[in-house]
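Protein chains: 2
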Amino acid sequence: MSRITCPILSSKITSAEEAASHIDDGDRVGMSGFTGAGYPKAVPGAVAERAKDSHQRGEEFGVELWTGASTAPELDGVLAEAGALRKRLPFQSDPTLRKSINSGSTEYIDTHLSHSAQQAWFGFYGNLDVAVVEVAAVLPNGLLIPGSSVGNSKTWLDIADKVIIEVNQWHPRAYEGFHDVYYGTRLPPERRPLQLLDPLQRIGDPYLRVDPKKVVAIVETEAPDRNLPFKDADESSKAMADHVVDFLRHEIDQERLPENLLPLQSGVGNVANAVMSNLAHSEFENLTAYTEVIQDGMLDLIDTGKLTAVSATSFSLSAERAADFNENIESYKGRILLRTQEISNHPEAIRRLGLIAINGMVEADIYGNVNSTHVMGSSIINGIGGSGDFARNAYLNFFVSPSVAKEGAISSIVPFASHIDHTEHDTQILVTDQGLADLRGLSPTARARKIIHSCAHPDYRDRLQDYFDRAAAANPNGRHTPHLLREALSWHESFQDNGQM
Amino acid sequence: MSRITCPILSSKITSAEEAASHIDDGDRVGMSGFTGAGYPKAVPGAVAERAKDSHQRGEEFGVELWTGASTAPELDGVLAEAGALRKRLPFQSDPTLRKSINSGSTEYIDTHLSHSAQQAWFGFYGNLDVAVVEVAAVLPNGLLIPGSSVGNSKTWLDIADKVIIEVNQWHPRAYEGFHDVYYGTRLPPERRPLQLLDPLQRIGDPYLRVDPKKVVAIVETEAPDRNLPFKDADESSKAMADHVVDFLRHEIDQERLPENLLPLQSGVGNVANAVMSNLAHSEFENLTAYTEVIQDGMLDLIDTGKLTAVSATSFSLSAERAADFNENIESYKGRILLRTQEISNHPEAIRRLGLIAINGMVEADIYGNVNSTHVMGSSIINGIGGSGDFARNAYLNFFVSPSVAKEGAISSIVPFASHIDHTEHDTQILVTDQGLADLRGLSPTARARKIIHSCAHPDYRDRLQDYFDRAAAANPNGRHTPHLLREALSWHESFQDNGQM
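So the sequence lines, in the order shown, correspond to chains A and B. As numbered in our numbering, residues 1 to 501 make up the first sequence, in order. As numbered in our numbering, residues 502 to 1002 make up the second sequence, in order.
What the hints contain is simulated information worked out from the structure, not anything from laboratory work. Small disclaimer: the values here were computed from a predicted structure and weren't measured. There could be a bad hint or two in this list.
As the list claims (entries may be wrong) - Rough simulated footprint, nothing fancy, chain B against chain A, three-plus residues with beta-carbon under 8 Å: (1) 362–376; (2) 405–411; (3) 470–482.
Heads up, the beta-carbon is just placed ideally off N, CA and C, and yes, glycines get one too.
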């Protein structure tokens, strides 16, 4: 049975190629999609074909692409491969796109995920020409049921001049009721409080709205999300998860956390999954989550009954887990809400709810400044994502990383971070496989002693301590954050020169 | 007539020396005071004397000191001079204290001003032993009328085991009605929305509360606030103010700002005063401010009728302006509210109201990372203050600095910032006397071209461009944020070695 039951909109059903003809060279295009879920599957490929044809004719063809967060090979991948992406925001993780950014071919604007929608509304990025949004179904009255993510779809539908909708039958029709799309945002000075008091509270509508007059094409698809394979946690991830969960127990003992903790947020990745798995086999009960992304580990926690409520903006599941979820979706109803990323990542909500935020990092310096985005200062990996939204406003924040990378050639604790995304003013707790450093209420030098002792790999610990000691000795009037500027980045230089820090 | 009309509390009036005897070695002490306003004038000196006596007897005496923000020689100065400060948070600007921090004698915790109260409540800094809070008067029922600042006084009074009150007759009794002390803060998961919709809206009480049983001493004083002299804006500050105000006009033209702008926030300093003075002589009408500190320039704007409402947490006036304000305080009633710094700097309020935030910086790198706190990476100047609270959550943020310092020996635009307090994800508009760089919606390399062209001093412009060009050439796979790590901090090294960047 067709998922498009609105007569006005069903008259606009067409092919991806025809839909793509509405996207022109130079357009700004806002597409749905967050962490490989809910992105359009067909139109981007057709746009990429248009671009390749144009290039073969010697004509220019490129667009600015705005999304929710990372997408997939069928979106970022094909468009980057076709050389069709001039600008891209706000988060990405596609290898082909990453190459295009690092070669200087695509300009990448790495904004906080909570800032992307409002800055688009503010007009900071220019006018949005076209929105391409994937949904699960179209109701008779034209309302849209989102699928596996909400992301920035609400904003792109609102502000774009033209709209293309993809209706993907792979998403269960039963997604109806899983979403909370907040239509109360305004521009200053008309903004009002978010009346959000707990993770599962509804403050919006279950549907996305679209002005039917703006819809230029509807494309039907049946294609799965990206659904990366789930990897079992390695020893290092398990060790970090143990450090995190032990610390949470310690905080309960100190009466700084309630028995059922506070709402959990965890970034995407194996450590996050390992923490969830650890909690799933723990004494904790009645946990909640207010996060960006629901991974396999969080569904496990729901299945065991330990996690009673999850707010997010997207799924990011393995193929097996996604198939299972789609089959048993009804059993998750009332326990999961997918919100717009303005709300899932909103400083107001995060601070009010008092989150426990767990995010990955690339490296930290000895004073607690954290690099989440760059390799050796120059090359972008993915982007800051929501880590800044969560870390700054959380009740507790953790940054986690293995203590070494590249088989020990790189230390994740360095004298001076080669890029800084989270400053010493924001980072609270650093965790590596070696241990955990609680930096709350400490001066920079006290932090350095803890980080070197608790987080650094033994192969690098003495050298870090030596750097710190010599920096203090060399700066009799600079002992707040002592550095040897000539050596500060030398570990990274050494890696560039010799493949070893 | 006495300002202390509560019989229970007036029985506790005593000398500063007697009051100071309640503060012991090792205590954590929370004192009022924000930007040289509303700090206790007598007890800190008496504590310093206790410390010196103890040290002369060969005994240890030191405390941990928490305040609102910077205080004055009679507080931070005397305690640092006496070697009595083991730890200090969250913002400071006293030269003697700064020396003590940079020599490694005092541990300094440089936290966001909006985080200080809540992190104290969370228990991140340990138990608060004593609060020492200056007020203007004590009512018969024991309620306290604050004076020229609110800062963290509410929190220190709430959480301290013992309380010492200073009642300072220098503050007009007519301060009653100027304050809004919010008693609705809770710990997660009990937090509720701030029902704050405009800068002048009351959400709290005009008074501070204190449990009389905790009060161990009341001291009467009559002594002025620090009241630094007002300096006329120099040419560089005027040029920056012109750039800022011209840009605001441009944003109105582009329909990205309403005619009466949005609530203004400005950091302390000459550029802030120059911007206010510029606005005072402009076409703007019906302006509002939601800021930390009210300086002379903002009172001028009220006097001209251009500024209709100011929310802050403190004054920071010249001696003449303070005397004038104290004399004419009634005429400012209903146009000024002093709030707790949790609320003046609250991310929720800042983002909702959509502020225009203007803050100083020490240096920015070519990609827009900003250093607000350190000289040459190691030595602290003052602290981050509220600049992070405001920049991250504002509608528009400006960071301002002269393009050179030390008669041209230092460029405020550098290849790589020697400390980073505000990251590329947060900074929007950089301003120097040379010009303004609007970085919104730009990739790092596009930002670099703008900053070098618009903000760098001509003496440094070509060298910055040369660094950028060579970094791009050297990083064929790192052209997102190209750096030459070996040279990145060489400008600072050169200044350290030769006194010239």
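Consistency of the hints with the structure:
no., hint, verdict
1, 362–376, "holds (count 4)"
2, 405–411, "violated (count 0)"
3, 470–482, "holds (count 10)"
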